[in-house]
Amino acid sequence: MQPIRRSEKGGHTIYMEVGVWYDSETEHIHLTVPASGWFHTTINNHPGSERRHKNLFGKLARALKDAGAPNPDVPVDEDDEAPRFL
Numbered sequence: 000m001q002p003i004r005r006s007e008k009g010g011h012t013i014y015m016e017v018g019v020w021y022d023s024e025t026e027h028i029h030l031t032v033p034a035s036g037w038f039h040t041t042i043n044n045h046p047g048s049e050r051r052h053k054n055l056f057g058k059l060a061r062a063l064k065d066a067g068a069p070n071p072d073v074p075v076d077e078d079d080e081a082p083r084f085l
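Residue numbers (numbering that gives the first Met the number 0): 0 to 85.
Everything labelled a hint here was simulated from the structure, so no lab data went into it.
Possibly wrong hints are sitting among the right ones.
Stated by the list, open to error - What follows is a set of in silico ranges between Cβ atoms, one per label pair, in the way DEER data are often shown:
hint, residue 1, residue 2, range
1, V32, E7, 13 to 21 angstroms
2, I13, P46, 25 to 33 angstroms
3, H45, M0, 35 to 43 angstroms
4, N54, W20, 14 to 22 angstroms
5, K8, A68, 25 to 33 angstroms
6, P46, E7, 38 to 46 angstroms
7, M0, G47, 38 to 46 angstroms
8, K58, T25, 17 to 25 angstroms
9, I3, V73, 27 to 35 angstroms
10, G9, V32, 16 to 24 angstroms
11, R4, E24, 28 to 36 angstroms
12, I3, K58, 17 to 25 angstroms
Said to hold, decoys possible - Capping the alpha-carbon separation at 25 angstroms, the derived lysine to any residue pairs in SDA-like fashion look like this:
hint, residue 1, residue 2
13, K64, L30
14, K58, G47
15, K64, V19
16, K58, P71
17, K58, I13
18, K53, E16
19, K53, D72
20, K58, T31
Being a predicted model, the structure only gives us computed values, none of them experimental.
The C-beta atom is built at its ideal place from N, Cα and C for all residues, glycine as well.
All chains, please: the whole structure from these sequences, using the hints.
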């Protein structure tokens, strides 16, 4: 199986297995696709940073917390409490 692949249904969707972890020293959340050999990036919640993405940072922080992994202490947005369906 390819590390990054198109949906069997076609369209614009791709699927990939993503690793996510929090580095408390840099306060960055890392995203990687280990099997790709090249996909590794970070995001943060530092105002003024080119890597800041407040919404995504909050969602990934919550996912890390829910999984019991080290995570940044960020408040959960009220919008995130409602169930979402893709």
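Within 25 angstroms, alpha carbon to alpha carbon, are K53 and E16?
holds (23 angstroms)
State, for the Cβ atoms of I13 and P46, whether the hinted interval 25 to 33 angstroms holds or is violated.
Check passed, 31 angstroms falls within 25 to 33 angstroms.
Quick one: are G9 and V32 within 16 to 24 angstroms, going by C-beta?
holds (21 angstroms)
So if I understand the rule, the pair passes when the alpha-carbon distance is 25 angstroms or less; does K64 with V19 pass?
holds (11 angstroms)
For the pair supplied as a hint, K58 and I13, is the alpha-carbon distance within the 25 angstroms limit?
Given that 25 angstroms is the threshold and the Cα spacing comes to 20 angstroms, the pair holds.
Could one say that the CB atoms of V32 and E7 fall in the range 13 to 21 angstroms?
This hint holds: roughly 19 angstroms between Cβ atoms.
Going straight from one Cα to the other, do K58 and T31 come out at no more than 25 angstroms?
holds (16 angstroms)
Taking 17 to 25 angstroms as the hint, is the beta-carbon distance of I3 and K58 inside that range?
At 21 angstroms between Cβs, range holds.
Assuming the hint says 14 to 22 angstroms, is it satisfied by the Cβ distance from N54 to W20 or not?
holds (19 angstroms)
Could you grab the alpha-carbon distance between K64 and L30 and see if it respects the 25 angstroms cut-off?
holds (15 angstroms)
Go ahead and decide if the range 35 to 43 angstroms is satisfied by the Cβ distance of H45 to M0.
Since the Cβ atoms of H45 and M0 sit about 36 angstroms apart, the hinted range of 35 to 43 angstroms holds.
Regarding the pair K58 and G47, is the alpha-carbon distance no greater than 25 angstroms?
Between K58 and G47 the Cα gap is close to 20 angstroms, so the pair holds against 25 angstroms.
Violated hints are absent here; each numbered hint is respected by the structure.
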